[in-house]
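Asker: Produce the complete structure using the sequences and hints provided.
2 protein chains.
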Amino acid sequence: MYRTHTCGELRISNAGQSVTLAGWVQRVRKMGSLNFIDLRDRYGITQLVADENESKEINDLVSTLGREYVIQATGIVTERQSKNNKIETGEIEIKLTGLKVLNKAVTPPFTIEENTDGGEDIRAQYRYLDLRRAPLKRALELRHRMAHEVRNYLSDIGFMEIETPYLIKSTPEGARDFVVPSRMNPGEFYALPQSPQTFKQLLMVAGYDRYFQIVRCFRDEDLRADRQPEFTQIDCEMSFVEREDVLNTFEGLAKALFKNVLGKEFTEPFPRMPYKDAMEYYGSDKPDIRFGMKMNTITDMVKGRGFAVLDDAEYVGAIVVPGCAGYTRKQLDELTEWVKRPQVGAKGLIYIKYNAEGIKSSIDKFYSADDLKAICEKIGAAEGDLVLVLSGAKRKMQTALGTLRLEMGSRLGLRDNSVYAPLWVYDFPLLEWDDETERFYAMHHPFTAPKPEDLDKFYSNKKEDLEQVNANAYDFVLNGTEVGGGSIRIHDSKVQERMFEVLGFSKEDAEYRFGFIINAFKYGAPPHGGIAFGFDRFCSLFGGQETIRDYIAFPKNNTGRDVMLDAPSRIDVAQMDELFIKSTAPEQE
Amino acid sequence: MYRTHTCGELRISNAGQSVTLAGWVQRVRKMGSLNFIDLRDRYGITQLVADENESKEINDLVSTLGREYVIQATGIVTERQSKNNKIETGEIEIKLTGLKVLNKAVTPPFTIEENTDGGEDIRAQYRYLDLRRAPLKRALELRHRMAHEVRNYLSDIGFMEIETPYLIKSTPEGARDFVVPSRMNPGEFYALPQSPQTFKQLLMVAGYDRYFQIVRCFRDEDLRADRQPEFTQIDCEMSFVEREDVLNTFEGLAKALFKNVLGKEFTEPFPRMPYKDAMEYYGSDKPDIRFGMKMNTITDMVKGRGFAVLDDAEYVGAIVVPGCAGYTRKQLDELTEWVKRPQVGAKGLIYIKYNAEGIKSSIDKFYSADDLKAICEKIGAAEGDLVLVLSGAKRKMQTALGTLRLEMGSRLGLRDNSVYAPLWVYDFPLLEWDDETERFYAMHHPFTAPKPEDLDKFYSNKKEDLEQVNANAYDFVLNGTEVGGGSIRIHDSKVQERMFEVLGFSKEDAEYRFGFIINAFKYGAPPHGGIAFGFDRFCSLFGGQETIRDYIAFPKNNTGRDVMLDAPSRIDVAQMDELFIKSTAPEQE
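Protein sequences appear in the order of chains A and B.
If you read the first sequence in our numbering, its first letter stands for residue 782, the second for the next number, and so on.
If you read the second sequence in our numbering, its first letter stands for residue 782, the second for the next number, and so on.
Note that these hints are calculated values from the structure, not bench results.
Do not rely on the hints blindly, as some may be mistaken.
Copies of the same chain look alike in the list, so a pair counts if it works inside one copy or between any two.
Listed below are the simulated DSBU-like cross-link pairs for lysine-lysine, each with C-alpha atoms no more than 30 Å apart in a straight line [unchecked claim]:
#, residue 1, residue 2
1, K1159, K1288
2, K885, K1232
3, K1275, K885
4, K1363, K1288
Answerer: So this is what it looks like as structure tokens:
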């Protein structure tokens, strides 16, 4: 061992001990005859001090030290003259009796501090230096802690972690697969799993009634901000369960995480909300319920006053923004521009300012003060509140109003990242019609069971009927982010075959892609269901951050590149030949 | 919930309770008016009983049940007439009051029993049915338990589990990489990691001084028996450590596993053996020390008696096979044929039978009884023992004699799989010369540090010097199987550059492949080292089995195929087009 202690552990109670530390030079300061070194490791920072009057040798060596040098320091733990109560080791320092440079360091391209001067690109390229910074260290520590708690909790209640393969069969449905050419099977390819969905269901068929796995998944999608081609899931499945059993089990897991990782205790059940309500009141399938400001449908209340915009609208919705009746013309114009951005997509914004001195709105021409007051009262607006109204096609404007609600919540500081508001959303539509390909897609995935009461409609051939079939599916939503999603699965091979039929697969195609699972269901499949949590996202929310990238040790950028490794990269033609493939990409050099 | 209890939990103390179970029909038996059902789930088997005199409805349903039907059964826990002390629920049975078929099952293609009638191929195809069998369930339970113990042990002593990427850069050196074409970066490929070696070293540079990960690794090798293209490692790395620190830390882990998983306590330190001794005394770098029968070098003792075979031999070695002096001519002939098989590669076998009535050998013509007795005494053979001698080229015959030793150990029943003999082997050669490519290869991998005392030779340009450089490397060997391997790493970028030079990489090539790590070492790399354990193998040894396949939920066969999924498989040309690749494989249809 190069050290007797870490840089985070020595206290005043260790005074007088001779110790050896090893770590990185955070900084060196000279004060009179004294040289101070802040020595850093994963556990903290300890101050070292060398007195020029005592050892010339040590001080000569200190004068050669640069930032991020790796050193080994021996000395006596001593009470400090001027204590630093910002760090846990701040009451002591080490009076050096020995010093050794273990490795030199060239000057890093950015500062290794809580807040660095390095831009995103340079930090990505030198990820191993960025990872030395405290915020990233805290992020990875949190992630380790979360994973460990998940495993302990689930193992304690009888779940088995079972590893499923990463080299599987390509069955693209939804996102694209990454594929892996097989050298031993010319012309054939493995795929990397988008999730272990079929494997966990096979494990249920095999009788492993409580399975979980913290597992990597791969999706070759066009990367939007904060999406990674490889990401980690907490993947879970149970047999002989109904929806309530799954929700209660994983609500228990979430509560244990909140308590053990964040020290936050949830004694009440998490709220549960049908998808329909989520859309109606929050304009989103993942409502942020840290704040109210629920949406109100006022379509019927506003009709027949001769205002064509509202008379013709399929949907008119309103939110009450508390205490904002004093918004200026300029603020309201800015908000109007904001909702007209293509990302929101409204045609305009109607406001009603409910001031003590009276009601003022952008639709005074068509609606009397009494009309407006009636609306305000109906939707619970009080004096001092601002009412914002959007109108148009129902689904689109619900979503737009939901987006506006979130924006107003943010502007009013109602979305505090240290506040946690978990929520279950359930009863999603089973199918989504795609106009372009003229077929249904599974909203969740093709193994999700329709709700038993909707089975008649599921076997109907009418598009309207199929659109109304609800899935026995549920999402775990945290602070407006979908963190988990799952469902009760189909366990009847006939229902599964019908599902593939509804999705427009030919019998042959269904057999080729999913034959193994349709077949497995014939050998005694138990009723089962499960859930998968996005682990990267779960960690970032627990860390109070919006971005997942800091919670992944070696993430990729928006074009799927690891800029540190410079991957992906070209490979030798010989390597391709062995794999029976040829590149058709235009030559780059 | 479809059940109140599992099929493994009810005892006589539950008698009188009304319970609901769910599971698979193991078998149905009729005895008089009684129908018995063995109901199975992951936890055990519980006997259900239906009396024809009580409910015709239930009995009619029972008569429709087939093997592996999934049923839900309600009834009263009752003390059995004839108890079965072979199963934990054997004192009770459930008198049925209700029965429901949850899912039918077609007859499985093999029996779901401890020992099945199914062959390997059919079981692989129906892996989900094979996984229902108790031996596989025990294997996966053991694996889950092992992983959980590893995580708890390492987390408790400050190790962080950090996930490293699976889509990395291809840097083949040794085994072939699996590659993944990138759609977003035309003509470029990711590789799947053969191990997270470089990442864990970068984590050390980043200051995460105790890292581990239970992680999948990928090697596109020609599969030998019991090798998988994807396999799992317990991957570990530590900073500020020397060899002893690493060995002590992971000896602690191994001891905890032995104790907590197998109930076997090791109070003494594990034996440690230099590679040189392992080769000399066991003819193997992974000695099975469950039994003695150590090899003896007798080259000098046998020279000069005019027997050219031994006079000319570079090496003559002998083992003492206890109590086998009575071997017959036929047995000895068979052994001689055995050592002459190409897998062993000896030219012949010399024996000395040390009988009470005198010494008899196959070389009586050249050696007197006194000569032979002297040899016997020198190597510790006693009356009743058989001495077996091989001679020839040193390394080859050491290995052959080691193989013979193992064979004799097996024949004498000295290799009991419930006995565990762990061992550390250390001080391996750093480099291996390959005559074909006329270059050195790293025996471990190119990041392994040479031993400090061999640095002069490491900088020599003489092949003989380089061949003598020892690596600061070590293996963890269990019962003759290498379960773990690691080393102290190079942490000086100059030494690392020299290593690439010794391996014959041009500066450009080293920079292109490993530039990121050479560069990282310039920014303050701490001294570090680590180890990786083959987790599949570790589990199978703990399970007392030779084959790893039962310890992997969904393994691949010897041609790298998953026969259940039928993967790898052909993919659409459109899919290939998107990835900028073309198949050059001959058309198969």
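Asker: Quick check: which numbered hints come out false for this structure?
Answerer: 1
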